[in-house]
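Okay, here's what each chain looks like letter by letter:
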Amino acid sequence: MAAFNNTAQKREQLFSKLYQNAFPAVAAYVSKMGGSFDEAKDVFQDALIAYYEKVLVNNTAIHNTENGYLFGTARNLWLQRYRNKSKQLPLDGYGDDVTDDEEAAPSANKLLAYLATAGKKCMDMLKAFYYDKLDTEEIATAFGYSGVRSATVQKYKCLEKVRNTVKQQSLQYADFIE
Amino acid sequence: MRTSLNNIKLAEDYLNKQLPTGDKLLFEARMLLDHDMLTNVKAQRHAVELVKQYSREQLRTEIEAVHQTLFNNKQHRTFAQRVLSFFR
Chain A
1 MAAFNNTAQK REQLFSKLYQ NAFPAVAAYV SKMGGSFDEA KDVFQDALIA
51 YYEKVLVNNT AIHNTENGYL FGTARNLWLQ RYRNKSKQLP LDGYGDDVTD
101 DEEAAPSANK LLAYLATAGK KCMDMLKAFY YDKLDTEEIA TAFGYSGVRS
151 ATVQKYKCLE KVRNTVKQQS LQYADFIE
Chain B
1 MRTSLNNIKL AEDYLNKQLP TGDKLLFEAR MLLDHDMLTN VKAQRHAVEL
51 VKQYSREQLR TEIEAVHQTL FNNKQHRTFA QRVLSFFR
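Chains as they are written, first to last, in the numbering used here: chain A, 1 to 178; chain B, 1 to 88.
It is possible that part of the hints are untrue.
Stated by the list, open to error - Straight-line distance between alpha carbons at most 30 Å, and here's what the computed DSSO-like set of lysine-lysine pairs gives:
no.	chain 1	residue 1	chain 2	residue 2
1	A	Lys161	B	Lys24
2	B	Lys52	A	Lys167
3	B	Lys42	A	Lys157
4	A	Lys120	B	Lys52
5	B	Lys9	A	Lys54
6	B	Lys52	A	Lys157
7	A	Lys167	B	Lys74
8	B	Lys9	A	Lys161
9	A	Lys17	A	Lys133
10	B	Lys42	A	Lys167
11	B	Lys17	A	Lys121
12	A	Lys110	A	Lys133
13	A	Lys133	B	Lys42
14	B	Lys24	A	Lys54
15	B	Lys17	A	Lys127
16	A	Lys10	B	Lys24
17	B	Lys24	A	Lys157
18	A	Lys54	B	Lys52
19	B	Lys42	A	Lys54
20	B	Lys52	A	Lys17
21	A	Lys133	B	Lys24
22	B	Lys17	A	Lys167
23	A	Lys161	B	Lys42
24	B	Lys52	A	Lys127
25	B	Lys9	A	Lys157
26	A	Lys121	B	Lys52
Don't read these hints as lab results, they were simulated from the structure.
All chains should be modelled from the sequences, with the hints used to inform the complete structure.
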């Protein structure tokens with residue numbers, strides 16, 4: 001990852017800065033459209049997640065300023081979700097909606113809750129690999145492994161563990177794996 | 001690495017579409033013949049999806065903590081009042 005030292009502390013500083021710079025405009029827009037503070041907060045936080053995933057981690061080029069991107073994404077999300085206060089989404093759904101795949105089946109939520117407690121160390125390490133996309137070297141240091149090789153082995157062990165938990169659950173919920 | 005871990009690595013490369021064509025075809029043929037392997041690969045894809053879901057929830061928690069600081073900490077009162085004033 002370039003130009004952004006991805007640690008919890010740096011993320012906190014960055015989100016605080018983005019919040020202070022970009023949230024007032026989003027709040028003003030949502031209020032003008034007749035929406036609430038909670039709606040503004042909801043869409044802004046999802047815009048921050050989209051920004052983190054696309055721009056900071058995956059280095060997707062945006063033809064916009066940081067604040068412009070956040071405002072545009074939040075505005076589109078608000079229009080999609082709240083304009084008519086109906087559940088119907090427009091056909092041309094906006095690509096930055098990060099909530100699409102979060103309404104998982106109850107069995108998946110149970111599984112996630114289980115993994116978040118029983119397998120937290122593994123989940124945190126897999127998060128660093130797959131979501132935050134840290135270098136294996138950074139991960140080895142952060143998680144206390146002797147080197148790149150043992151961090152890599154540990155990553156696959158963790159993935160195997162999560163996979164086996166998924167498999168076990170799928171025996172209980174027949175529809176778990178499509 | 002032990003065989004099971006090498007298989008996980010191979011499945012990961014397959015799921016990320018990083019296998020060369022020949023290896024990809026071979027991998028798919030093996031899945032057709034070996035039901036356990038197919039189950040494993042599907043479960044692995046699901047596992048990676050769960051990691052993504054978990055990660056987003058963690059990130060959302062971090063963002064919410066920032067929100068709470070900005071709206072409850074005296075230090076940021078001017079900012080909070082400015083935003084809240086839009087909704088009065």
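For this session: Could you tell me which of the hints above the structure violates, numbers in ascending order?
Result: Per hint list: 7, 16 violated.
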